[in-house]
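Modelling step: build the complete structure from the supplied sequences, incorporating the hints.
Number of protein chains: 2
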Amino acid sequence: MVRVEIVAVGTELLLGQIVDTNSTWIADRLAATGVDCTYQTRVGDNVARIAEVLRVALGRADAVVVCGGLGPTQDDVTREAIAEVMAVDLRRDPRALALLGQVFQARHREMSLSNRRQADVPVGAEVIEQRLGTAPGLVCPVGSQVVYALPGVPVEMREMFERAVLPDLRTRSGEPGVISSRVLRTWGIGEAALAELVAPRLAVLDAAGEGAPTIAFLARGLEGVQLRVTVKAASVEAARGALDLEEAALRELVGTNIFGVDGETMAIRLGALLTARNFTLAVAESYTGGLVASSLVSAPGASGWFRGGVVPYAADVKRDVLGLPAGPVVSPVAVAGMADGVRKLLGADIGLATTGVAGPTSQEGLPVGTAFAGLAFAGGQTETASFEIFGDRQRVRELGTMNTLDWLRRRLEAGG
Amino acid sequence: MVRVEIVAVGTELLLGQIVDTNSTWIADRLAATGVDCTYQTRVGDNVARIAEVLRVALGRADAVVVCGGLGPTQDDVTREAIAEVMAVDLRRDPRALALLGQVFQARHREMSLSNRRQADVPVGAEVIEQRLGTAPGLVCPVGSQVVYALPGVPVEMREMFERAVLPDLRTRSGEPGVISSRVLRTWGIGEAALAELVAPRLAVLDAAGEGAPTIAFLARGLEGVQLRVTVKAASVEAARGALDLEEAALRELVGTNIFGVDGETMAIRLGALLTARNFTLAVAESYTGGLVASSLVSAPGASGWFRGGVVPYAADVKRDVLGLPAGPVVSPVAVAGMADGVRKLLGADIGLATTGVAGPTSQEGLPVGTAFAGLAFAGGQTETASFEIFGDRQRVRELGTMNTLDWLRRRLEAGG
Numbered sequence: 015m016v017r018v019e020i021v022a023v024g025t026e027l028l029l030g031q032i033v034d035t036n037s038t039w040i041a042d043r044l045a046a047t048g049v050d051c052t053y054q055t056r057v058g059d060n061v062a063r064i065a066e067v068l069r070v071a072l073g074r075a076d077a078v079v080v081c082g083g084l085g086p087t088q089d090d091v092t093r094e095a096i097a098e099v100m101a102v103d104l105r106r107d108p109r110a111l112a113l114l115g116q117v118f119q120a121r122h123r124e125m126s127l128s129n130r131r132q133a134d135v136p137v138g139a140e141v142i143e144q145r146l147g148t149a150p151g152l153v154c155p156v157g158s159q160v161v162y163a164l165p166g167v168p169v170e171m172r173e174m175f176e177r178a179v180l181p182d183l184r185t186r187s188g189e190p191g192v193i194s195s196r197v198l199r200t201w202g203i204g205e206a207a208l209a210e211l212v213a214p215r216l217a218v219l220d221a222a223g224e225g226a227p228t229i230a231f232l233a234r235g236l237e238g239v240q241l242r243v244t245v246k247a248a249s250v251e252a253a254r255g256a257l258d259l260e261e262a263a264l265r266e267l268v269g270t271n272i273f274g275v276d277g278e279t280m281a282i283r284l285g286a287l288l289t290a291r292n293f294t295l296a297v298a299e300s301y302t303g304g305l306v307a308s309s310l311v312s313a314p315g316a317s318g319w320f321r322g323g324v325v326p327y328a329a330d331v332k333r334d335v336l337g338l339p340a341g342p343v344v345s346p347v348a349v350a351g352m353a354d355g356v357r358k359l360l361g362a363d364i365g366l367a368t369t370g371v372a373g374p375t376s377q378e379g380l381p382v383g384t385a386f387a388g389l390a391f392a393g394g395q396t397e398t399a400s401f402e403i404f405g406d407r408q409r410v411r412e413l414g415t416m417n418t419l420d421w422l423r424r425r426l427e428a429g430g
Numbered sequence: 015m016v017r018v019e020i021v022a023v024g025t026e027l028l029l030g031q032i033v034d035t036n037s038t039w040i041a042d043r044l045a046a047t048g049v050d051c052t053y054q055t056r057v058g059d060n061v062a063r064i065a066e067v068l069r070v071a072l073g074r075a076d077a078v079v080v081c082g083g084l085g086p087t088q089d090d091v092t093r094e095a096i097a098e099v100m101a102v103d104l105r106r107d108p109r110a111l112a113l114l115g116q117v118f119q120a121r122h123r124e125m126s127l128s129n130r131r132q133a134d135v136p137v138g139a140e141v142i143e144q145r146l147g148t149a150p151g152l153v154c155p156v157g158s159q160v161v162y163a164l165p166g167v168p169v170e171m172r173e174m175f176e177r178a179v180l181p182d183l184r185t186r187s188g189e190p191g192v193i194s195s196r197v198l199r200t201w202g203i204g205e206a207a208l209a210e211l212v213a214p215r216l217a218v219l220d221a222a223g224e225g226a227p228t229i230a231f232l233a234r235g236l237e238g239v240q241l242r243v244t245v246k247a248a249s250v251e252a253a254r255g256a257l258d259l260e261e262a263a264l265r266e267l268v269g270t271n272i273f274g275v276d277g278e279t280m281a282i283r284l285g286a287l288l289t290a291r292n293f294t295l296a297v298a299e300s301y302t303g304g305l306v307a308s309s310l311v312s313a314p315g316a317s318g319w320f321r322g323g324v325v326p327y328a329a330d331v332k333r334d335v336l337g338l339p340a341g342p343v344v345s346p347v348a349v350a351g352m353a354d355g356v357r358k359l360l361g362a363d364i365g366l367a368t369t370g371v372a373g374p375t376s377q378e379g380l381p382v383g384t385a386f387a388g389l390a391f392a393g394g395q396t397e398t399a400s401f402e403i404f405g406d407r408q409r410v411r412e413l414g415t416m417n418t419l420d421w422l423r424r425r426l427e428a429g430g
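Listed in order, the protein sequences are those of chains A and B. According to my numbering, the residues represented by the first sequence are 15 to 430, in order. According to my numbering, the residues represented by the second sequence are 15 to 430, in order.
No lab work stands behind these hints, which were simulated from the structure alone. Please note: incorrect hints may appear among the correct ones.
Identical copies look the same in the list; a pair holds intra-copy or inter-copy alike.
Capping the alpha-carbon separation at 25 Å, the derived lysine to any residue pairs in SDA-like fashion look like this [what the hints assert, rightly or not]: (1) 358 with 146; (2) 246 with 25; (3) 358 with 195; (4) 358 with 244; (5) 246 with 29.
The structure displayed is predicted, hence computed values, not measured ones.
Right, here's the structure in full:
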């Protein structure tokens, strides 16, 4: 078992100017591959302080992942700090310089003197080739321990971590085989209720002991609560088979609360359901104000099934454009009328509509958080649902959007 | 000058299940009030490890703010760790218990045995009354140093930090008077270009030396680049006067790139401009797919000036609903037609429209990131603008939304 610490370098982190998402991402990847992470530290662009943090971390862990401070400017001193901890000099590495030269040549840019600093490498360290940015990464042995240095730009860091750091950590852990994970995305069920549903399976896995698949609960806010299954296996194929078995067992327990797998968002899932039936969709949004439409459009290929939307914010627009009769606008009758109106106006097979009280004040005698969704089909029949949502204006709109999309998803999955 | 470290407690942070926004928020507040923060650490729910992190931090700083681990469950062990570092016992505090009792009484809930643990206080520590949650905070002296313990729930933590921690830190720093800051929000100008515009003022403030206002650049992504001015003064009134002077000097240099002050978002600013002229607005969105409408609706009171929007995603919807003639849909002519069409359809004084290529593939021979915005006025005249936006599908849509809103903002500010 390898124990890893994460160090994020950058004065802008200490000033609260940017959120440290790199450490969170790395921690998530480590957890998904069964590596223990016990501490995370953030430190400014200062050689002595970075070195101090690395020494403290190496006093507790087998490996340290440090990100940031590998750029070309005088602020970027992670290389110097690592050399100090290794008690070696920095040397301009010919291979790193050649790689850097290629990057600049490909971009038709002149390589300045400060850029050349990025080819400085602590003696004894190994270079991780840069494929996306200009900063190479470093693998720096410190006795039997190791410091991995990665750039702070998230896309560059992630690519290098997957390609070079994770495999090296796996080798060091001395554990053969493959660790693989799969995420099942749910909506409409809280973490505690989901844990109750899954409990029988957790008991089985616990009884199976060491080496059995593990299940983690991840509360992802507007992306819902996720179940992450992690398996260890001898090969990629065996891992896939084990994940398939586990997914089937969990679907048995969790049922239609699961809307997607891995990168499958609610909009992508809805697109697949609509495409399978050759249905087109139009939306009319009151309190969600365009969030339903923009969620749907975020799915690649939305133009194949999404006709468009209307945000009838003023009451007379609901009447004149969607043909809604006079009367309360936050009601099941109104939302069904909006759904039918937008279906006809935009020539879609299905019309979906939202109305509700986003706040800050109550409306038509209804409290903040009261919301309705409506569906209209080509035959003229309509269906409605109601939600009670807790939170401020923005949260009511965001949760209402997800509730509405999930309602349509369940309706389409149920068929009919 | 007080030096502060931040410690975030929670195994879910180490597993990458949640992003540590508490440390970022505290760091930002410290920076805005002139307090130095040199290290931040995250640690799991483990007494020995939390104590170790607190000892390391107290070896470097005057004060430590620790958040998380004050809840009622057996995982919540921050109290125990602080008692260990203080080398004192935990004692159930009668005042803390009484406060806790009041909280539960107000919520008509039974106080369980585990809840009572939240009234355990290291001997010698002071309780910070809880006003929003159940967990009280703690002010724990360690020799001449201090550890502040705050709950991990952001809204509870923030309220307690502002009410109890910041004033205490100010007192400890020995600096009399008021520190106050103001944020000027810009759009349409990069950080480097903004720094060039502001350089003359920075030179003046540098020359004025210690005690002069300071200016920080904050790159806030989709909220734009912000200038934060911080002043020290003898009174709240004097601070406000100094901020007014500084804002005037910066507006002189930065001009119309500034769209708002402090909490004033682009939508709020647009709402104020439209309301001042008694104009109503309608929007038609192609590639932005509802993001312009939902941004506008996020402004409180939007119903006073926002008529609504149309997302004509399918080409024939652009034609049939907005009256656009056949032809290319990503063009200045098309976007002007969309603006005029939606203005008439929804009965608004001004029509605003967007069209563009969000990707992933090019369209009508135009590369990803090509975008147009259109404006139509009651008299029938139209105006258009074009943008070239770099990024993936989501980024093109988000940046395009801000560019479009900012274009309308500048147009309204210019009058005519």
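Cross-check of the supplied hints:
Taking CA atoms no more than 25 Å apart as the test, residue 358 paired with residue 146 passes in neither setting, with 48 Å inside one copy and 48 Å between copies. Taking the closest pair of Cα atoms, residue 246 and residue 25 come within 25 Å of each other only across two copies (23 Å); inside a single copy the shortest separation is 39 Å, beyond that limit. Taking the shortest Cα distances, residue 358 and residue 195 never come within 25 Å of each other, neither inside one copy (44 Å) nor across copies (53 Å). For a Cα distance limit of 25 Å, the shortest separation of residue 358 from residue 244 qualifies neither inside one copy, at 47 Å, nor across copies, at 56 Å.
For the homomeric pair residue 246 and residue 29, the shortest alpha-carbon distance between copies (18 Å) is at most 25 Å, but the shortest distance inside one copy (41 Å) is not.
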